[in-house]
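Engineer: Residue strings, one per chain:
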Amino acid sequence: MEVGLKMGMKGGGLNHVGGCEKAKMGFAETELRLGLPGGGGSGEGEVVRKRGFSETVDLKLNLSSKESSGMDANDEKVKVLHKEKNLLPCATDPAKPPAKAQVVGWPPVRSFRKNVLATQKGSSEESSEKAAFVKVSMDGAPYLRKVDLRMYNSYQDLSDALAKMFGSFTIGNCGSQGMKDFMNESKLMDLLNDSDYVPTYEDKDGDWMLVGDVPWEMFVESCKRLRIMKGTEAIGLAPRAMEKCKNRS
Amino acid sequence: MFWGNRKTLKMNYFPDEVLEHVFDFISSHKDRNSVSLVCKSWYKIERYSRQRVFIGNCYSISPERLIARFPGLKSLTLKGMPHFADFNLVPHDWGGFVYPWIKALAKSRIGLEELRLKRMVVSDESLELLSKSFLNFKSLVLVSCEGFTTDGLAAIAANCRFLRELDLQENEVDDHRGHWLSSFPESCTSLVSLNFACLKGEINLGAIERLVARSPNLKSLRLNRAVPFDTLQKLLMQAPQLVDLGTGNFVHDPSSEAYNKLKSAIQRCKSIRSLSGFLEVAPHCMSAIYPICANLTFLNLSYAPGLHGNDLTKLIQHCRKLQRLWILDCIGDKGLGVVASTCKELQELRVFPSDLIGAGNAAVTEEGLVHISAGCPKLNSLLYFCQQMTNAALITVAKNCPNFIRFRLCILDPQKPDPVTNQALDEGFGAIVQSCKGLKRLSLSGLLTDQVFLYIGMYAEQLEMLSIAFAGDSDKGMLYVLNGCKKLRKLEIRDCPFGNEALLEDVGKYETMRSLWMSSCEVTLGGCKTLAEKMPSLSVEIINEIEQMEFSLDDMQKVEKMYLYRTLVGHRKDAPEFVWIL
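Here the protein sequences line up with chains A and B, keeping their order.
Position one of the first sequence corresponds to residue 1 (this note's numbering), numbered consecutively onward.
Position one of the second sequence corresponds to residue 250 (this note's numbering), numbered consecutively onward.
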């Protein structure tokens, strides 16, 4: 199976999955992502955002994952110097959302201090013990999903997970040939270009907001459900969301 | 005067008492050690007059030899586990037991008065033995220790009749909620310093009130979170002479009677220079302490995540005399700007991370540090956890603050480059070591190549302790450091590509150092074996948490964790199963 997106090169630049092709297609603007409008969602930068989604695509197209691409994903050591730094073991397990790997003993803070702060945070946030399950719908998808927001540490993590969950629906939407076409790379690209999906959420007040404006922790506290809507529908949403944010801050 | 004409003035012209008297003025451990090496008679006089001994690694010497050499010992400082144990890199039962020391001292005639322990395992049994063996015992300081409960503290309180100091810093204590405070007898009135902030459980409030009331010499009092606001007020009324205060729970209603009472109580405490605690606090509560801020030299708010930006800056603006500030990164870069413009006397700054799970919220960056360096020229000690750092910022900091003795920078994201140039941070750290000629301690982070180690080897002439993580490209890096830093005592390395070549190039070097830690590097079992063979004066420990079966004896196998240290007493006998001493 010829899969143009799979990269065999080692350390070949920061975006290892067909970076140049993506650039040609203007991929960055249209990809499904949860990030601060115009900026990096988790502060990790352009590259990581792209990687998140493109890994999903890669997964669907080539289920044997990434060991052969030379990625150090499975390496327990974090010594990737000029390659893309990857602490995530996500490549091999599509079912698990890629949470940020906790490097043992990092950051170098005394365990005593860590424990005290953890306890304090626990007592001040009422719902910190409970899971935060929210329904996630995507326009055009036949059924909804549920995610526990507390499983993720950042918008990037959530974005990656949702991309994995809903990637198949995106592909399934491409033309009358349906699932057969997901093998066809250019069709996929067309679809993703046109997709223009925007993640939104309903907050505690019942308003529909654009995902990514507020700090992650605040988002987890206030999000009641998620909806990945088509860009065209979201246009009406944006000004209202802006207004609400202004009122908040 | 001593170095006069050798022919007419011999060393032993002076009676021993005179030399002893002169030695009394020499207090630093290093100097006393040097003095003892001059000649036999000086060695003899020095050892009999020595009262304070510092042992940086409890396995480098035995209690018996200590007792034999220093019969006049009164104060002992002992350190156990290696520094990286703080970050869970060393398994709990690794070692560092104080019991054998106390047992040996108890058997001897040593009149121990002070014991200071760091990263050691202290059992209740040891505390009880300690409390019963030394009539004049005055001071117990435990830092980052574990293994004891409040029962052990009760023994100390009950039996040490002349106890002046009980200082517990960041220990893991099993709190039995017993009435250990009530174990202080009514006759105990000698307390000068009491710090139990790390205890998690309830305490007998009446007991602490009575204890403070009968301790007229009490200068330092640090409470735990179980001590409520109104008790604090009562305690302050009893102890207006306090110099150092650690509050417990600091939540209250500013309109309440309790608040007013506290305010007036605090105003009477004109001697308070050091303030910490605030383990439970709300922003509106801080105004109660404004009256004493003007004289504060040390402020520790690093356990108060409830205070943010504005609350902190409003407070700090009152603290113009601050010399040491420990704070959480919720102060933000702007907040650090306020610190820079207010605290002109600042010497030490520690900024701890408030978010430890990596939610990625921008906390402090290079900006905050640059502000501080520009505003606080006396800064000499730094611990700074930040989201990012740039070479330009470090170069500026190096220029502004050439007096750093301790420079510990932790960029939360390992191997993060300069976000502006995408370069490694070699030049930035290079500037620091070049400018700060007195630098003794350095911790590196961010993306770093061998180049930074070249700089360190070249310029960091006074460097004694170096901590490295996720840095370097090859053995050259480590070699630059080992060859260049003549005064290096402690080197700790994790997750770096340094291997046998670097480890074995100059094995004699390790005898001049206290210890070397290497984990998740490229060093193999064979390399460690070779080192152990060549250097019998070193103890080379392989710490291996994997099951014995899985760990093959293949020399090519990379070693997970290696800890080596010089020792005069050979291999320790108390090593657990997972520690293999080569």
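No lab work stands behind these hints: they were computed from the structure.
All C-beta atoms in this analysis are idealised placements derived from N, C-alpha and C, irrespective of residue type, glycine included.
A few of these clues could be false.
Claimed, not checked - DEER-style ranges, computed between Cβ atoms:
| no. | chain 1 | residue 1 | chain 2 | residue 2 | range |
| --- | --- | --- | --- | --- | --- |
| 1 | A | Val134 | B | Val492 | 45 to 55 Å |
| 2 | A | Lys230 | B | Asp342 | 29 to 39 Å |
| 3 | B | Met805 | A | Lys230 | 30 to 40 Å |
| 4 | B | Ala462 | A | Phe133 | 52 to 62 Å |
| 5 | A | Glu217 | B | His533 | 18 to 28 Å |
| 6 | B | Arg459 | A | Val134 | 51 to 61 Å |
| 7 | B | Pro503 | A | Pro215 | 51 to 61 Å |
| 8 | A | Lys146 | B | Lys593 | 50 to 60 Å |
| 9 | B | Arg459 | A | Lys135 | 52 to 62 Å |
| 10 | A | Ala118 | B | Gly321 | 44 to 54 Å |
| 11 | B | Val500 | A | Lys204 | 17 to 27 Å |
| 12 | A | Asp213 | B | His533 | 40 to 50 Å |
Engineer: For each hint, tell me whether it holds in the structure or not.
Structural biologist: Comparing the hints with the structure gives:
no.: 1; hint: A/Val134 <-> B/Val492: 45 to 55 Å; in the structure: 53 Å, holds
no.: 2; hint: A/Lys230 <-> B/Asp342: 29 to 39 Å; in the structure: 59 Å, violated
no.: 3; hint: B/Met805 <-> A/Lys230: 30 to 40 Å; in the structure: 57 Å, violated
no.: 4; hint: B/Ala462 <-> A/Phe133: 52 to 62 Å; in the structure: 54 Å, holds
no.: 5; hint: A/Glu217 <-> B/His533: 18 to 28 Å; in the structure: 22 Å, holds
no.: 6; hint: B/Arg459 <-> A/Val134: 51 to 61 Å; in the structure: 54 Å, holds
no.: 7; hint: B/Pro503 <-> A/Pro215: 51 to 61 Å; in the structure: 28 Å, violated
no.: 8; hint: A/Lys146 <-> B/Lys593: 50 to 60 Å; in the structure: 56 Å, holds
no.: 9; hint: B/Arg459 <-> A/Lys135: 52 to 62 Å; in the structure: 59 Å, holds
no.: 10; hint: A/Ala118 <-> B/Gly321: 44 to 54 Å; in the structure: 46 Å, holds
no.: 11; hint: B/Val500 <-> A/Lys204: 17 to 27 Å; in the structure: 26 Å, holds
no.: 12; hint: A/Asp213 <-> B/His533: 40 to 50 Å; in the structure: 28 Å, violated
Taken one by one, the earlier hints fail for this structure at numbers 2, 3, 7 and 12, listed in ascending order.
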